[in-house]
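Trainee: As a plain string of letters, each chain reads:
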Amino acid sequence: MIHLRGITKRFGQYPALHGIDLDVAPGEFIALLGPSGSGKTTLLRIIAGLEFQDAGTVQLGGEDVSTLPVAARNVGFVFQHYALFRHMTVAENVAFGLSVRRGKARVAKAVRQARAEELLGLVQLEGLGSRYPAQLSGGQRQRVALARALAIEPRLLLLDEPFGALDAKVRKDLRRWLRDLHKQMGLTSIFVTHDQEEALELADRVVVMNQGRIEQIGAPDAVYMNPETPFVSHFVGETNRIAGPAGEIHFRPHEIAIAADGAEALLVDNVFRKGAVWRVEGLLEGSRQFVELDLPSTLAAPRLGETIRFNPHRARIFNADGEQSKGDQS
Amino acid sequence: MSLHPTSEGTVARVVLITLSLAFLGFFVLLPLLAVFSEALAQGAGPFLDALHTPDAFAAIRLTLIIAAIAVPLNMVFGVAASWAITKFQFPGKALLITLIDLPFSVSPVVSGLIFVLLFGANGLFGAWLAEHDLKIIFAVPGIVLATVFITFPFVARELIPLMLEQGKDDEEAAISLGASGWQTFWHVTLPNIRWGLLYGVLLCNARAMGEFGAVSVVSGHIRGETNTMPLHVEILYNEYDFVGAFAVASLLALLALVTLVAKTVLEWRFGLHAGARH
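Those protein sequences? They're chains A and B, same order as listed. The first sequence begins at 0 in numbering that gives the first Met the number 0 and counts up by one. The second sequence begins at 0 in numbering that gives the first Met the number 0 and counts up by one.
Among these hints, one or two may not hold up.
[Unchecked claim] Ranges of calculated distance between the beta carbons of each label pair, as one might list FRET restraints: (1) A/D22 / B/E164: 36 to 42 Å; (2) B/G91 / A/F51: 19 to 25 Å; (3) A/R100 / B/D100: 54 to 60 Å; (4) B/L189 / A/T66: 50 to 56 Å; (5) B/G91 / A/W176: 44 to 50 Å; (6) A/S136 / B/R12: 37 to 43 Å; (7) B/L189 / A/F271: 50 to 56 Å; (8) A/P68 / B/K262: 37 to 43 Å; (9) B/E164 / A/F271: 39 to 45 Å; (10) B/V27 / A/P68: 51 to 57 Å; (11) B/L63 / A/A54: 54 to 60 Å; (12) B/K262 / A/T66: 45 to 51 Å; (13) A/L121 / B/R12: 54 to 60 Å; (14) B/L189 / A/G102: 54 to 60 Å.
[Said to hold, decoys possible] Taking lysine-lysine and the DSBU-like style, the derived pairs with C-alpha atoms no more than 35 Å apart in a straight line are: (15) A/K182 / A/K273; (16) B/K86 / B/K262; (17) B/K167 / B/K86; (18) A/K182 / A/K103; (19) A/K168 / A/K182; (20) B/K86 / A/K108; (21) A/K182 / A/K171; (22) B/K167 / A/K182; (23) A/K171 / B/K167; (24) A/K168 / A/K273; (25) A/K171 / B/K86; (26) A/K108 / B/K167; (27) A/K103 / B/K86; (28) A/K273 / A/K108; (29) B/K167 / B/K262; (30) B/K262 / B/K92; (31) B/K92 / B/K167; (32) A/K103 / B/K167; (33) B/K167 / A/K168; (34) A/K103 / A/K171.
[Stated by the list, open to error] Negatives, chain A to chain B, calculated, CB over 10 Å: (35) E27; (36) E62; (37) V69; (38) E116; (39) A144; (40) G163.
Derived by calculation from the structure, the hints in this document are not laboratory data. Cβ atoms here follow ideal geometry from the backbone N, Cα and C, with glycine treated the same way.
One chain only, chain A, in its complex shape:
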């Protein structure tokens, strides 16, 4: 469906993307995950045609659209801050893409209204067509923006931090709702996020980006369980990083085994309940490195000043070049 080859982009002296290759299958739901400045939004905008690459090609559905402007690419784009037209009603917003069609493509007003109604039903905003965007909540506005993007029957849906401006509760509801909508419609979709939880929950595949490069592409579970680079290991999920003889040892707070003869000893500095587990924070004995552990809350809470001996298990060791050495440490 989408084939990107060697996408490179600079902003003045600042290199934003270094030769990105990416293939997306029809109907896939892809997350571009990375910190700010990783190039994820630039990549999304290049796929949309809102930005143009300095080098490389963009293919959509077998057609080379590398030089086509956004208007000719037939993609739906959803903005972080909704970008609803505030002087138009919700229904007028949704029908905008149809109302600007001229000549043969012209859509009759009755058809546009019917289509807007239908889409508002799809995003569960029936009956709000005559309101103005200012009269809606953030979650409702984002759903209007989605309906507006879907109205042009795009071959591809692109979402730039779609939940970024919403509060936590609404974000969670909208996330679930978007996932269901994607299942129902099967429209190839790419969304940009800096929130790993969002990426892992929604996407079929996660593309982890850092400093203009793709670090890893994989199913959410694979990216979480088998990070291939130190960056992914650190950025996706919580990870402790401690110095070891063979390089940096990465392990998640729960990837430990308590043992009386454990190799590491943690001096407990802080304990609090984190959902179903005790989150224990403190410094390692000897190396004085900060580490967080999760202990089952079925056990008694560790006391402050207590020493916990443990072994990291399933740990990943990265050498100075960021290469992973094989072999489990336990």
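Chain A is fixed; fit chain B onto it per the hints.
Mentor: For chain B alone, coordinates are given in the frame of chain A:
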């Protein structure tokens, strides 16, 4: 620490408010009242007679013509410049922003002289203009040029911050939905900036009608031909025709008051609008 956190400010508050009101009254309200009372000093008859002269008529007509040319020109220029500055990246952008402020920072007399230096008899294009029998300085075209120059910052200055704040998401959304550049401007950008634009046009108009310095330099003060209302006021005043001078001046002041009321109404609408933006 104070048990009455507001009591400490009471004296300062009263002093500041009194001072502001007294200052405003003395420097703004009093002169404004003086203009109208002086104009009507000998009753409504002489007041109307003073306005009812061919020269006054000619001045009013010329002022309206100048504004009718300068304001639409600067409206187009202001929107174009603001659009270019806020939606595109291009070399020379910082220079353009600085140049837009030039008419505000330079003395109006200098603004007028610039055009004399360019188009006057001994100016850069003077010989060429004389050869083709074109008159700019001491004629209506010169006044239009000077007025356009003086008033071109108003619309752009009003729109640039507004359009910067609004960003280009709306425009990008429109073109991603298939709208053409013109449709995007007409259906999305223009409605977004309409109040700011109207406000800028009002200020631009007030200045276009009221400009004295630059216009005075290029006009030549030919009665019935190149005198605008402000210039006409000066001539009448210098001839000790106080009722006449203040009668025309009161028309200009009235215009200023209408502009202020319109501006206040707009700000109220605009403020309401801005509040509902997000």
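Trainee: For every hint, state whether the structure bears it out.
Mentor: Cross-check of the supplied hints:
At about 39 Å, the CB distance of A/D22 to B/E164 agrees with the hint of 36 to 42 Å. For B/G91 paired with A/F51, a C-beta distance near 22 Å keeps the hint of 19 to 25 Å intact. Taking 54 to 60 Å as the suggested C-beta distance range, the pair A/R100 and B/D100 does not conform, at roughly 42 Å. Checking the proposed 50 to 56 Å range against B/L189 and A/T66 shows it is violated: the Cβ atoms sit about 29 Å from each other.
Checked against the hint of 44 to 50 Å, the C-beta distance between B/G91 and A/W176 comes to roughly 47 Å, which is consistent with it. Under the hint 37 to 43 Å, the C-beta atoms of A/S136 and B/R12, about 40 Å apart, fit the expected range. As the Cβ distance of B/L189 to A/F271 is approximately 55 Å, the hint placing it in 50 to 56 Å holds. Between A/P68 and B/K262 the beta carbons are some 40 Å apart, a value that agrees with the proposed interval 37 to 43 Å.
Between B/E164 and A/F271 the C-beta distance comes to about 42 Å, which sits within the given range of 39 to 45 Å. For the pair B/V27 and A/P68, the supplied restraint of 51 to 57 Å holds, since their beta-carbon distance comes to about 53 Å. Judged by the Cβ atoms, the range 54 to 60 Å given for B/L63 and A/A54 holds: they are separated by roughly 58 Å. The hinted range of 45 to 51 Å is satisfied by B/K262 and A/T66, whose Cβ atoms lie roughly 47 Å apart.
In this structure the supplied range 54 to 60 Å holds for A/L121 paired with B/R12, their Cβ-Cβ distance being about 57 Å. Between B/L189 and A/G102, the C-beta spacing of about 23 Å breaks the proposed range 54 to 60 Å. Between A/K182 and A/K273 the CA atoms are separated by roughly 32 Å; this keeps the pair inside 35 Å, and the hint holds. Between B/K86 and B/K262 the alpha-carbon distance is near 27 Å, which keeps this suggested pair within the 35 Å criterion.
Distance hint between B/K167 and B/K86 is fulfilled; the C-alpha atoms sit about 6 Å from each other, no more than 35 Å. Distance restraint check for A/K182 and A/K103: the Cα-Cα separation of roughly 33 Å lies within the 35 Å cut-off, and the hinted pair is therefore satisfied. Under the criterion of a C-alpha separation no larger than 35 Å, the hint pairing A/K168 with A/K182 is consistent with the structure, at around 22 Å. Annotation: proposed proximity of B/K86 to A/K108 holds, straight-line Cα distance about 31 Å (limit 35 Å).
For a cut-off of 35 Å, the pair hint linking A/K182 to A/K171 stands: about 17 Å separates their Cα positions. Restraint check for B/K167 and A/K182: the C-alpha separation of about 32 Å stays at or below 35 Å, so the hint holds. The suggested pairing of A/K171 with B/K167 holds, with an alpha-carbon distance near 28 Å, which does not exceed 35 Å. As the CA atoms of A/K168 and A/K273 are separated by approximately 18 Å, the hinted pair is consistent with the 35 Å bound.
For the proposed pair A/K171 and B/K86, the alpha carbon gap of about 34 Å is at most 35 Å, so the pair holds. In summary, the hint linking A/K108 to B/K167 is supported, as the alpha carbons are separated by about 28 Å, within the 35 Å threshold. Between A/K103 and B/K86 the CA atoms are separated by roughly 31 Å; this keeps the pair inside 35 Å, and the hint holds. A hinted pair counts as satisfied when its Cα atoms are at most 35 Å apart, and A/K273 with A/K108 does not qualify at roughly 55 Å.
Proximity of B/K167 to B/K262 is assessed by CA-CA distance (about 27 Å); at most 35 Å being required, the pair is judged to hold. Among the hinted pairs, B/K262 with B/K92 is consistent with the structure: their alpha-carbon atoms are about 30 Å apart, no more than 35 Å. Note on B/K92 and B/K167: the hinted pairing holds, with a Cα-Cα distance of about 17 Å set against a maximum of 35 Å. For the given pair, A/K103 sits about 29 Å from B/K167 by alpha-carbon distance, which is consistent with the 35 Å threshold.
Taking the CA atoms of B/K167 and A/K168, the gap is about 29 Å. The hint holds against a cut of 35 Å. Restraint check: the Cα-Cα separation between A/K103 and A/K171 comes to about 42 Å, which exceeds 35 Å; the hinted pair is violated. Listed as a non-interface residue, A/E27 keeps its Cβ farther than 10 Å from every Cβ of chain B; the least gap is roughly 21 Å. Distance check on A/E62: its Cβ is at least 17 Å (rounded) from any Cβ of chain B, clearing the 10 Å threshold; non-interface status holds.
With a least beta-carbon separation of about 5 Å from chain B, A/V69 fails to lie farther than 10 Å from that chain, contradicting its non-interface assignment. The Cβ of A/E116 lies farther than 10 Å from every Cβ of chain B, with a closest approach of about 18 Å, so its non-interface assignment holds. Residue-level check failed: A/A144 sits 8 Å from the nearest beta carbon of chain B, not beyond 10 Å. No Cβ of chain B approaches the Cβ of A/G163 within 10 Å, the least distance being about 13 Å, so the stated non-interface status holds.
When the structure is compared with the earlier hints, violations turn up for hints 3, 4, 14, 28, 34, 37, 39 and for no others.
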